[in-house]
Structures are given as structure tokens and as C-alpha cells.
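Chemist: Working from the sequences, and respecting the hints, build out all of it.
Residues 1 to 115 in UniProt numbering are what the sequence shown spells out, letter by letter.
Source of the hints: derived by calculation from the structure; they are not laboratory data. Quick reminder that beta carbons are idealized off the backbone N, C-alpha and C, glycines included. A couple of the hints might just be wrong.
To be verified - Taking lysine-lysine and the DSS-like style, the derived pairs with C-alpha atoms no more than 27 Å apart in a straight line are:
| no. | residue 1 | residue 2 |
| --- | --- | --- |
| 1 | Lys86 | Lys104 |
| 2 | Lys26 | Lys109 |
| 3 | Lys105 | Lys26 |
| 4 | Lys100 | Lys86 |
| 5 | Lys86 | Lys26 |
| 6 | Lys26 | Lys47 |
| 7 | Lys105 | Lys47 |
| 8 | Lys81 | Lys47 |
As the list claims (entries may be wrong) - Between beta-carbon pairs, the in silico distance windows are:
| no. | residue 1 | residue 2 | range |
| --- | --- | --- | --- |
| 9 | Gly92 | Val50 | 18 to 26 Å |
| 10 | Glu107 | Val57 | 33 to 41 Å |
| 11 | Lys81 | Gly115 | 24 to 32 Å |
| 12 | Glu44 | Arg73 | 17 to 25 Å |
| 13 | Glu51 | Pro106 | 27 to 35 Å |
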Amino acid sequence: MFRSIVPSASGDSETAAFANARIDWKETPEAHVFKADLPGVKKEEVKVEVEDGNVLVISGQRSREKEDKNDKRFALPENAKTEEVKAGLENGVLTVTVPKAEEKKPEVKAIEISG
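Modeler: Right, dumping it as C-alpha cells:
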């Protein structure tokens, strides 16, 4: 499964890197992986949080423009292990990994047939 979120632009050109960032959401067997190209953005200017137990919030804010903040919100599925979210920013690419809980397999109990 592959989803792409392309937010609308807002603010001036200084915040355009985050405002115009395309965030790709890819689901693998083990995790939900979000990737965003954020050239020129420092890790201090990006915040990754989980709100209300299942909403991933990725926000960007230039330090000299505190009033101009942009955020993207993603409703995570029930199988997301939100307590184990990891994020990294390397070479202008933000990667957020949300591990998935193992699917519970139904417990099967064999019944002996008499007779």
C-alpha cells in the first residue's frame, strides 16, 4: 500500500521547503514508513509527535518565523505501535517509522470426536 500526501503551499518562500513537502506513506509488512524531502531543513526545525494515541503529527517551523508553522497530520491504523515510533533526518530526507503490531492469529482448539 502506498499513499502520498501533497500539502498545499502557504506562507513565504522561507517556509516553502516544509509547506510544499511531499510526504509519502508506505506500508510494509513490519511498519508504516513516512518519508519527506526537506532540503535545507535542520532537525531542530522539525517535530514529530503522536497525539490522541493514533494521530501522527509532523510539524516544521523556522526558528526566526515562529508564527509561521506548518503541520501534517496522519490518522494511524489500529495496528500502529505508537509507543515505538522512530524518526531520523539524513541528507534532507525525514524518515518516520511506525512499527506495526503482530497480527493476532485466532486460537484454534481441536475438538476430539468421540464414537
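Chemist: Please test the hint of 24 to 32 Å on the beta carbon pair from Lys81 and Gly115.
Modeler: About 47 Å separates the Cβ atoms of Lys81 and Gly115, which means 24 to 32 Å is violated.
Chemist: Against the 27 Å threshold, does the CA-CA distance of Lys26 and Lys109 hold or violate the hint?
Modeler: violated (36 Å)
Chemist: Do the alpha carbons of Lys105 and Lys47 lie within 27 Å of each other, as the hint requires?
Modeler: violated (36 Å)
Chemist: CA of Lys105 to CA of Lys26, is that 27 Å or under?
Modeler: This hinted pair holds, its Cα atoms lying about 24 Å apart.
Chemist: Lys86 and Lys26 were given as a pair; does the straight-line alpha-carbon distance stay at or below 27 Å?
Modeler: Holds, at about 15 Å.
Chemist: Are the Cα positions of Lys100 and Lys86 separated by 27 Å at most?
Modeler: OK: Lys100 and Lys86 at ~12 Å, within 27 Å.
Chemist: Sort out whether Lys47 lies within 27 Å of Lys26, counting only the CA atoms.
Modeler: holds (20 Å)
Chemist: Taking 27 Å as the top limit, are the C-alpha atoms of Lys86 and Lys104 close enough?
Modeler: holds (23 Å)
Chemist: Is it true that Glu107 and Val57 lie within 33 to 41 Å of each other by Cβ?
Modeler: The hinted range 33 to 41 Å holds for Glu107 and Val57, with Cβ atoms some 36 Å apart.
Chemist: Can you let me know if the beta-carbon spacing of Gly92 and Val50 is within 18 to 26 Å?
Modeler: Check passed, 24 Å falls within 18 to 26 Å.
Chemist: Is Lys81 close enough to Lys47, meaning Cα to Cα at most 27 Å?
Modeler: holds (19 Å)
Chemist: Assuming the hint says 17 to 25 Å, is it satisfied by the Cβ distance from Glu44 to Arg73 or not?
Modeler: holds (21 Å)
Going down the numbered hints, you'll see the structure goes against 2, 7 and 11, while the others check out.
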